[in-house]
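Asker: Residue-level listing of the chains:
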Amino acid sequence: MKGLLIANKNLNMIKKLSCGILLLVGGNLMSQTDSSAVNDSQSDTANTKFNVPIFSTSGADADSDTDNQDASGLLQSSKDVFSQFASFQFGVARYRMRGYAQENQLVLINGINVNNLETGTSSWSSWGGLNDVTRFTETRFGNGASRLAFTGAGGYTNIDSKAGSFRKGTRISYAHANRIFSDRVMVTHSTGQMANGWALTLSASTRQGNQVYIPGTYINANSFYAAIDKRWNDRHTTSLVAFVAPSEVGRAASEQLEAYQLAGTNYYNSAWGYQTAADGKTRQVRNASVSKTTRPMVILSHVFNVNTNTKLTTSAFYNWGKSSISSLNWNNSPNPRPDYYRYLPSYRYNQMEFDEGDALTALWKDKGVDGDNTRQINWDRLIAMNRANIYSLPSTAGTINTTETRSRYILEDRVEDLKNGGLNIIYNTRIDKLFLSGGLNVNIYKNNRYKVLNDLLGGDFWLDYDQFASNLGVDGTYQQNDLSNPDRKVRQGEKYGYNYTTNVNRNEVWGQAEYNFSKLDVYAGLTLSNSQIYRTGNLANGKFPTTSKGNSEKLNFFNYGLKAGATYKLDGRNFITANGAFLTRPPEVNNLFISPRSRNDLVKTASGANVGSENVLSYEISYLAKYPTFKARATYYNTTISNQVWYRTFWSDEFNNNVNYIMTGVNQQHQGVEIGLEKTLLTAHTLQGVFGYGNFYYSNRPTAQAWQDNNSTQLFTDRTVYLKNYRIGGTPQTVTGFGYKYTGKQFWSVGATYNYFSQTFIEPNPDRRTAEAVQQYATTDPMYKQIVTQQQLPNYFLINANATKSFRFKGKYNLNFNLSVNNILNNKNIRNWGFEQMRWNNNNVDKFANKYQYMPGTTYMAMVNFTF
Amino acid sequence: MKKLILIPTVFFTTLVFTNCKKTADLTPTRNLADGTNQSVTQLKAIASSTNTHRFTTENYVTGVVIADELSGNFYKEVYVRDAANTGAIHFKFLTTGSNLFIGDSVRLNLKNYDVNIDPTTQILEIDSVSFDKNIAKFASGANPQPIALTLADGKYAANYGDLVTINRVSFASGFTGVQFSDPIKQISGNDNIQDCFGNTVIVRTSNYALFGQQLTPTGFGSITGIATSYNGAAQMAIRTPNELYMNGPSTCNTYITKNFNDNLIASGNWTQVSVSAPSVIWKTGTFGSVTSATISGFGQNAENWLISPSINLSAALNPILAFRTAAKYAGLVLEVWISSNYTSGLPSTGTWTQLSGFALSPNNATSSYVWTASGPVSLNAFKNANTHIAFRYTSTTTSASNWELDDIIVGEN
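Chains as they are written, first to last, in the working numbering: chain A, 6 to 873; chain B, 2 to 414.
Please note that the accuracy of each hint is not assured.
[To be verified] Derived DMTMM-like pairs: lysine to aspartate or glutamate, alpha-carbon spacing no greater than 25 Å straight-line:
(1) B/77 / A/777
(2) B/77 / A/658
(3) A/790 / B/59
[To be verified] Just a sample of chain A residues kept apart from chain B, beta carbon distances all over 10 Å, derived:
(4) 172
(5) 251
(6) 289
(7) 445
(8) 559
(9) 783
(10) 787
(11) 819
[Claimed, not checked] If we take Cβ atoms under 10 Å as the criterion, some of the chain B residues that face chain A in the derived model are:
(12) 29
(13) 108
(14) 133
(15) 134
(16) 139
(17) 186
(18) 190
I should point out that these hints are in silico values taken from the structure, not numbers from a laboratory.
Just so you know, even glycine gets a beta-carbon here, dropped at the ideal spot from N, CA and C.
Model the full structure from these sequences, guided by the hints.
Answerer: In structure tokens, the structure reads:
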């Protein structure tokens with residue numbers, strides 16, 4: 006323990022001196038949601054890119070990549086000790102290697118880029134649960150060469166899931182855990198390459214869990230995979246891969262500290278409530294925030310070995326299907342969310358309404374039905390209020406409607422319906438010491454977003470109005486969501502609200518040359534691409550009758566990338582590598598439009614021009630040592646991502662309206678040092694140590710503009726955001742880990758790790774860092790510091806352990822047991838994530854306090870698998 | 002191998018040391034030093050009821066909140082006493098919910114605001130203040146104390162807008178035990194309080210006040226609130242009924258009162274003794290609505306004593322004398338004397354001590370009957386069984402003031 010303390014002390018010292026350092030192979034990492042960027046206009050939370058719903062785990066629980074986020078299972082093939090820690094040990098802390106967002110790392114399946122063309126993120130949920138057939142990955146983190154695609158600062162992961170890549174055999178596994186799912190079954194059978202040239206692999210899995218760790222959450226996820234290869238001859242192989250992973254996940258919300266304290270648990274979740282079942286007695290748990298995904302993918306590939314040195318891979322793919330997130334919506338009624346700020350005692354106490362505050366406090370703490378109905382969604386009340394709302398259509402106001410009730414509350418699905426197809430060609434050839442790679446890909450991407458009425462909650466219809474626009478125009482058409490179908494009564498299962506498609510047509514050619522000298526390996530790569538991006542409005546709405554329907558201006562982003570690197574071999578065991586890349590890329594598509602749900606208008610910069618491409622400049626220098634019993638890597642990296650667009654929609658107290666808040670020209674800087682060491686003693690003992698010092702921050706003062714969401718009023722433009730040197734939130738920036746593993750002779754092992762996390766920051770709300778926000782304050786006022794100071798979360802450590810035991814009999818059957826336990830000390834007071842609400846009040850910052858999530862206490866996963 | 006490890010170690014250590022942690026951006030604020038801090042006195046010199054002043058540069062007023070919206074008796078407004086303690090100012094807001102409470106220290110940036118003295122209320126005010134954008138609450142927990150006064154001491158009007166405690170008052174007949182206001186019929190309350198001399202102030206209570214249905218107290222004591230006025234009539238807006246300590250005996254605890262409203266000088270066993278110029282005597286007279294005693298020694302060398310009946314102060318706790326005067330023309334001042342052994346006849350038959358330390362109406366060439374409250378004058382040194390108070394008027398042939406005297410009281414403080 007003393008050693009650990011010293012390590013932490015050193016860490017602090019380095020902190021003061023600050024920034025720099027090194028790399029290598031790497032893992033993937035990011036566990037972000039796939040940013041199904043549903044901007045919730047009634048919610049003031051940050052958008053989904055930072056608002057990860059259920060945080061899934063990593064660590065030993067690496068297989069539980071439930072929601073769209075956890076990718077850590079992919080790192081199994083990585084030999085790099087730092088990457089191993091980053092995924093298996095640090096993932097639970099939401100550690101993002103080098104602070105990168107997911108868009109910086111390419112994810113490939115059989116060489117096909119599956120990063121979302123709109124957001125750059127990769128949808129891990131699309132193949133969640135297919136661990137058996139996605140475990141064979143080639144991963145390289147950071148800048149470097151790739152023979153499959155042009156890759157940037159975050160490197161790439163390629164999942165090889167062709168049938169012919171799997172050995173003959175059957176694998177059955179069962180896992181029991183207490184985190185996201187409670188039970189998982191996976192079955193995989195592969196024929197291997199058969200004599201007739203065919204190979205077939207089938208896999209299926211199911212993951213089930215109901216309120217396993219966090220109340221109200223659940224998972225019901227299944228997956229199916231089929232792949233078939235036909236090897237025609239030595240030169241031609243054709244592969245077909247198809248998979249689908251339908252999943253349904255009840256999510257958890259982030260909460261204010263006050264809510265956690267009142268509820269008496271750090272795992273309080275406001276997203277669910279009780280609903281009385283049809284029998285009138287049973288109270289059933291129902292979650293209002295459910296994500297559903299069913300996105301099949303089919304890949305047809307042909308590998309042509311032109312000769313022993315040349316290979317041509319041609320693939321066509323199609324990826325389609327829906328993902329959705331459900332949410333409550335309401336009209337002319339109180340907010341149904343139990344954690345709405347006015348329902349918290351602090352709101353009353355702040356107004357010095359002590360009696361009301363005390364009463365609310367008592368209700369929040371109540372352990373009976375009243376408490377449940379205070380802390381959780383009161384479904385029965387919502388349904389009762391809907392049934393009681395005998396309300397006429399506005400056009401027949403004054404007449405009593407005795408046959409139908411208009412829902413005050415509904416549950417809606419915000420759907421993304423994707424159609425994404427493409428063609429991908431990769432050419433590789435070796436000419437002596439020169440290795441050339443090149444490729445070309447064509448992608449046509451259409452993502453249709455709309456809302457579907459999931460449940461009328463006891464009412465008979467919902468009117469297709471924009472309730473935020475209903476009091477704006479004298480003209481009754483102003484509030485219509487669909488002018489061609491005014492005053493429509495929406496029934497269960499019908500589409501309504503907004504309906505638009507984002508289109509991305511992307512073409513890319515790339516090339517790379519690698520050359521090996523005796524002491525030096527070098528490579529260089531180039532990419533050129535063109536992306537045509539536009540929005541197609543499928544409905545004309547009353548707010549923007551002329552600009553909501555049809556195609557927007559078609560934006561063309563011509564992008565390029567350059568990269569180069571070298572490895573200098575000091576001797577056979579010591580290497581120095583240097584890599585660098587510069588590339589440009591289009592901004593996130595949804596950020597290009599002022600209000601993508603309702604109109605075609607484009608975001609312009611302060612000078613009136615269209616938004617330009619983002620730029621990424623990245624370089625790194627590493628030292629590597631590889632001895633039989635000793636491995637080391639040290640890397641210094643430095644990445645600048647500039648000219649980004651940042652977009653949120655939220656309720657602004659300043660303007661008393663829903664506001665689209667857009668920053669242009671956002672730059673961020675990621676730099677740091679990674680060190681990983683591994684030493685094996687007496688064969689059986691393995692010691693590991695890693696240290697990652699990072700400094701991830703915003704590096705300039707972006708310009709902000711804001712628009713009223715429901716009409717074309719620009720609220721302000723050219724407002725300077727004093728964001729420079731604010732730290733990027735959501736990940737520990739400095740991590741330290743120590744591991745020890747003992748490997749026994751009879752196929753068993755035990756291990757433990759100690760991990761220390763520091764420099765975790767809350768993602769800042771840019772609006773609080775503007776001169777306008779603090780105009781009434783002097784720098785000496787306490788309010789000033791409260792508004793502008795970025796919060797840092799407390800440091801913490803985790804101790805994890807795992808054990809494995811394998812039996813082999815008859816030379817054919819393998820039985821493996823694996824047990825892993827995370828957070829052995831059961832520390833339930835670790836806040837590993839938080840954000841500042843976008844809605845805020847400059848007189849009382851705590852009125853809309855920061856929201857947080859707590860890391861679970863002790864979690865475990867016990868797994869047995871049988872292969873034959 | 003060691004050498005090989007040494008090289009990169011040095012290399013990376015250098016990198017670490019060359020990068021330094023950067024401090025977060027500082028969002029700019031207004032520089033207070035560039036502006037002027039205005040006191041209420043200064044603001045009153047700049048603005049008046051007929052002159053609205055708009056600030057176009059950085060100016061600030063800093064103070065502590067003395068009345069907030071909590072009780073509902075104040076709505077979209079707070080009253081603030083300035084930091085220099087020179088007076089109070091009224092902030093009127095566009096919306097409710099300022100989250101400013103009594104004891105909060107606030108600073109308002111006056112730029113682009115109009116400051117004036119409201120002609121109706123005579124209170125210094127700023128209208129349409131945006132508390133979100135222009136008020137900074139930089140501290141809280143101050144405990145601003147009310148200014149203690151009585152209705153007779155003439156200080157009330159000078160403190161309009163400020164927090165005051167009026168001592169020695171009770172709700173007037175017909176206004177005791179009634180609702181402060183009527184939130185059901187939506188009627189604001191106008192309830193008179195009065196002191197022992199009949200000076201009154203209207204306690205004005207909004208029909209939105211949360212305490213509106215509480216009943217006014219029936220006793221005698223002190224009341225605390227914001228001193229206001231309406232078209233020249235003094236009013237008071239209380240913050241909460243909890244600041245009314247009016248549970249004392251329901252009548253004024255007085256030994257003698259004399260207000261001349263009966264048009265008699267001698268009633269109540271008062272006597273007057275002319276030492277010289279017997280024609281110069283106290284008479285009653287009514288001027289405007291006030292009936293008082295009046296005396297004039299124009300062109301005469303006069304001395305007249307108006308002497309109270311004997312008062313038994315032997316058991317008194319904290320006796321005081323109060324009265325009020327109005328004077329015109331330059332001359333000798335009215336003197337007040339006290340004796341513990343006088344019985345009757347000429348004043349010289351007793352031993353007298355002159356009282357001092359109280360204000361009198363100005364009597365000079367330009368003065369013209371300005372009623373001025375005098376006292377309370379402590380009589381603690383004179384707690385005797387046979388106490389007489391006397392008002393001694395003197396004039397010369399060349400210098401004589403006219404004096405009016407009214408509302409004489411000897412009572413417990």
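Asker: Just want to verify: residue 559 of chain A was marked as not at the interface with chain B; is every Cβ pair farther apart than 10 Å?
Answerer: holds (37 Å)
Asker: Go through the hint on residue 108 of chain B and say holds or violated, using the shortest Cβ distance to chain A against 10 Å.
Answerer: holds (8 Å)
Asker: Report holds if the minimum CB distance from residue 819 of chain A to chain B is greater than 10 Å, and violated otherwise.
Answerer: Label holds. Min Cβ-Cβ 39 Å, cutoff 10 Å.
Asker: Are all C-beta atoms of chain B more than 10 Å from that of residue 445 of chain A?
Answerer: holds (39 Å)
Asker: Under 10 Å is the threshold here; is the Cβ of residue 134 of chain B close enough to any Cβ of chain A for the hint to stand?
Answerer: Constraint on residue 134 of chain B satisfied, holds at 6 Å.
Asker: Once the closest CB in chain B is found, is it more than 10 Å from residue 787 of chain A?
Answerer: Not fine: 7 Å to the nearest Cβ puts residue 787 of chain A too close to chain B.
Asker: Per the CB criterion, is residue 190 of chain B less than 10 Å away from chain A?
Answerer: violated (23 Å)
Asker: With a cut-off of 10 Å on the beta carbons, see whether residue 29 of chain B makes it to chain A.
Answerer: Status holds, d = 5 Å.
Asker: Taking the shortest Cβ-to-Cβ distance between residue 783 of chain A and chain B, state whether it exceeds 10 Å.
Answerer: violated (5 Å)
Asker: For the pair we were handed, residue 790 of chain A and residue 59 of chain B, check the Cα-Cα distance against 25 Å.
Answerer: holds (22 Å)
Asker: Hey, is residue 289 of chain A genuinely clear of chain B, shortest beta carbon separation above 10 Å?
Answerer: holds (39 Å)
Asker: Against chain A, is residue 186 of chain B within 10 Å by beta-carbon distance?
Answerer: Violated. Min distance 25 Å.
Checked against the numbered hints above, the structure breaks hints 9, 10, 17, 18 and satisfies the rest.
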